[in-house]
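Novice: So the chains spell out like this:
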Amino acid sequence: MNNQSRTLKFNIFKYNPLDKEDRPKLKTYEIEETPGMTIFVALNFIRDRLDHTLQFDFVCRAGICGSCAMVVNGTPSLACRTLTSSFKDGEVTLLPLPVFKLIGDLSIDTANWMKDMSKDIESWIHTNEKTIIDNIEKPMDPDLADDIFELDRCIECGCCVAACGTKRMRPKFKGAVALNRVARYEIDPRDERTAEDMYEIIGDDEGIFGCMSLLGCDDTCPKNLPLQTKLSYLRRKMVQVK
Amino acid sequence: MKIFYTDTLVIGGGLAGLRLAIATKKAGHKTTVLSLIPVKRSHSSAAQGGMQASLGNSVMSQGDNEDVHFEDTVKGSDWGCDQRVARMFTQVAPKAIRELTAWGVPWTRIREGEKNVVINSENTTITESKEVHGLIAARDFGGTKKWRTCYTADATGHSMLYAVANEAIKNDVVILEKKEAVKLIYKDDVCYGAVVKDLMTGSISAYLAKATVIATGGYGRIYEATTNAVICEGTGAAIALETGIAKLANMEAVQFHPTGLVPNGILMTEGCRGDGGVLRDVDGYRFMPDYEPEKKELASRDVVSRRMTEHIRKGKGVPSPYGDHLWLDISILGREHIEKNLRDMQDICMSFLGIDPAVPGVWIPVRPMQHYSMGGIKVDETGQSPHLKGLFSCGESACWDLHGFNRLGGNSVAETVVSGMIIGEYVSKYCFNTNFEFDTKLAEAFMKEFDEEQDRILANVCDVNNNYNDKSIYDIRDRMRKIVMDKVGIFRTKDELQSAFDELQELLKLSDGVFLRTGTKSANPGLIDTLRVKKMLKLALCITKGALLREESRGAHTREDFPKRDDKNWLKRTITYWANETDIEPTVEYEDISIMDMELPPGFRGYGKKGNIIEHEDSQKRLDEVNTFKENNPKLDRYEIQNALMPYELPSQYEEKNERVGIGYE
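So the sequences go chain by chain: P and W.
Going letter by letter, the first sequence gives residues 1 to 242 in my numbering.
Going letter by letter, the second sequence gives residues 1 to 666 in my numbering.
Please keep in mind that the hints were generated in silico from the structure rather than gathered at the bench.
Be aware that a few hints might be false.
From the derived model, a few chain W residues whose C-beta atoms are all more than 12 Å from chain P [stated by the list, open to error]:
(1) K2
(2) T124
(3) K145
(4) I332
(5) I348
(6) K494
(7) E496
(8) T582
(9) S619
(10) D624
(11) N627
(12) N633
(13) E655
(14) E659
Simulated restraints, written as ranges between beta carbons of each label pair [claimed, not checked]:
(15) W/L549 <-> P/P226: 47 to 57 Å
(16) W/G361 <-> P/L18: 49 to 59 Å
(17) P/L18 <-> W/D512: 25 to 35 Å
(18) W/P386 <-> P/L214: 54 to 64 Å
For every residue, glycine included, the Cβ atom is placed at its ideal position computed from N, Cα and C.
Could you put the whole structure together from the sequences, leaning on the hints where they help?
Specialist: This is the structure:
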């Protein structure tokens, strides 16, 4: 651990949309860096000691829940696991994620966006089979289970949507988060939806054919999901639908 | 101030709340879930290790069933649990796993053939049969006789939560996020819903309901160091407490985990030590063998936590800006082992601390941290408060009493879904049998009362240039956390508990006069935190008073001045309530746990210190009774024996036997 102390300069987006007088601005806070400091630790220090009004979202503070995505020096990232030691000149600018509705300062409403997305792509297993829960479960190939899990790891943090070039051009573009979920159900044999059914959901410019392959999603995904591969896979699969 | 109506109001959108909501919605009741945050971000998502259910698939799980799971759970609880609830739970857990499978959870599956595993620090080969290929796998966990913990890699809670949340969305459960229930609405010992503050706009509304369910998780954030998410402040349990009618149970039963990462409190899995990692002190000295020559770092969680704390108290901790800690050294395992078997731990260390624990001499800062709340809202076996009708609770926020004084790993995430399934059916039944009285005047009165409370707090706004830190709610909160951590922690003594009790009462008084920066009712985290900290202080007082009065050591509750488990005097549940609004301390009473009703009478847990029990005369009496019954009825099968010894009830759809590989429904 680095024991050298320095002063950090935080330029933080400050705006309360409910206050008609208020205008968006950057507010600067200076704090002393401590060893192992993350943006989570820093923002809480600022709120506890310097500004009780500062709004931001953290829940797990362990990179698991996806609450704290924000634009850190220009890149959508999870704030909780961003170390202040990574800021070479000790200065950082924090902005809320674009695309999502702003609640205030760094706090955004991903809840409704992600819920609408889940409803839109019907993000659940579709089956007519009735499971009797007293009975032994159906076997599944261990590798297939691992493959599904790999895509199931998405934490809906919104980084991929915020970093998406296509989303800027096509406001209704579903984004990598939705397409990854579709890919997840597509490979899951428990979901009886066919490729044709999936085409109905994502077979247009708002879905897989809208993607311009700029791959901001793949660059920023904090879970390192194989988005580039899966988007290509889906596109190939959907092109083949007659 | 709007008023909304729903049949079932679920406060809290983690696994327990969502699973319960699915049950009531499917039964035809209008169901509304309120959550502080997007539900898929609930603390349930942080459950990593897995979920216990006695499927008995793996070769290492053979012979497992409800009976073995039941025994492990009761012993784990140090006989503090409600054995009927433990039976209900172990019977339904396999069904819960299989239901979640149908909903899409990608459980890790068994592969046939040979597999290398580490058991007791030795490389061993196990062989899985062709018959179980592709069935759900299980891993080993503390305090269990069989490998019973089902998992999806190390993100079990995440996969379960997404499956359950999506199922709730599919079933059109109304999910409202960024909403905080701040007060229950009740009259004549019946609960009618809650006053709710919108965390985006600051507006107040009332949700009136036939049944109100609190599923808000634990209260780890009362402690300075906890593995819990930042939202785990126990406010759900607190609004029940503040009615003065609903009661809490076993609040002093608080579990600590030995290796939380400093400063963030992220859990470092027990696997680090299981694979051979060691603990070191400020001098780099490996101290555990001095305390526990036999088990060393691999003694049980409570034992290791106690020893680490003892060592820090001796001045052997490593000072840091975040308080003293110890070191976890996994570098001795070598890079190859770490990058293969402890990859996530390495990833966390790199992301959060910027250190690579595979480099020799680079150690991980850890310290025992609060981990789980066994106590909570006192409910009966159907999940309903016996004191405030129409109020239910499930999951960690409840004291259904599955865990008694110590919870087994893997039983918490299992309890969430299982209790949601079971209690969901009882809530449905309650809704069917309840005629709703739509009392808008009552709702308005409660909303007004809450708004006046906000006004009182907002009256103390101070100038921007005024240094108000010593009168800020954050200062009070931090002092509370330190007091509870230092004095109501792993080791407890009368003097320290008494001093904590006195100091916490002072803080509760102080919390009435804190200064805020802004006077607005929206976009004011200071206001929200003031409301919450007052509630947390009340819970802290419940924990402290319960711990002060309980003069024995049971499970996670360790009294240095009363080191024995005292079945003779203390086989009882602590019941705590807030008798008058103006009180500055809770009222405590007790509920006896009857040995003569137990299926498994108190005895030695099979681990921990021997001869450390003050026996109750009924223990032997009941044991003889149970054994005689078994001897006299050799023809009865295990279900019939169980039913004769301790009958229990379940919603009818969960009564069927569970099928297992090779043995069917036996």
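Novice: Check each numbered hint from earlier against the structure, then list the numbers of those it violates in ascending order.
Specialist: The structure breaks hints 5, 13 and 14; every other hint is satisfied.
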